[in-house]
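**Student:** Sequence:
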Amino acid sequence: MPITNPAIPALENTSGDVAFAKYAAIIWQSIVIIGGLTVFLYLSWGALDWILSGSDPERLKRAKDKMFNGLFGLGLLVLSYVIINILSNVLGLDILNPNWPTLESNPLPPPPR
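If you count by this note's numbering, then the sequence shown holds residues 5 to 117, one letter each, in order.
Check before you lean on any hint, since a few could be wrong.
Distance windows between CB atoms, simulated [unchecked claim]:
1. 101 with 51: 32 to 42 Å
2. 98 with 61: 47 to 57 Å
3. 58 with 33: 20 to 30 Å
4. 61 with 28: 12 to 22 Å
These aren't lab readings, by the way, just hints derived from the structure by calculation. Please read all numbers here as calculations on a predicted model, not as lab measurements. Just so you know, even glycine gets a beta-carbon here, dropped at the ideal spot from N, CA and C.
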């Protein structure tokens, strides 16, 4: 009886390279979700520090730095999504939902005449 993880989609009927691609897509999506939550928390923390800084210029600078770093992280997340989409369009593959044909499952169509 195989051990399965209900949180990760079943990949029993896929070959090794397709399973690796699916796991890579799942890992990227998880990183983006965790990164988005981290950006939200960091922006909130910076905003709270800004509000509570009063007239202390050092605390205000640290709060602005936190918010800038949060926005920089958000920019990196958006940039990773843009790069994935550009690669998907250039290569003609759906990188985030890999269902790539293999020679065993889908033979190539005959060449046009």
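**Student:** Could you run down the list of hints and mark each one as holding or not?
**Tutor:** So, going through the hints one by one against the coordinates:
no., hint, result
1, 101 with 51: 32 to 42 Å, "holds, 36 Å"
2, 98 with 61: 47 to 57 Å, "holds, 50 Å"
3, 58 with 33: 20 to 30 Å, "violated, 41 Å"
4, 61 with 28: 12 to 22 Å, "violated, 46 Å"
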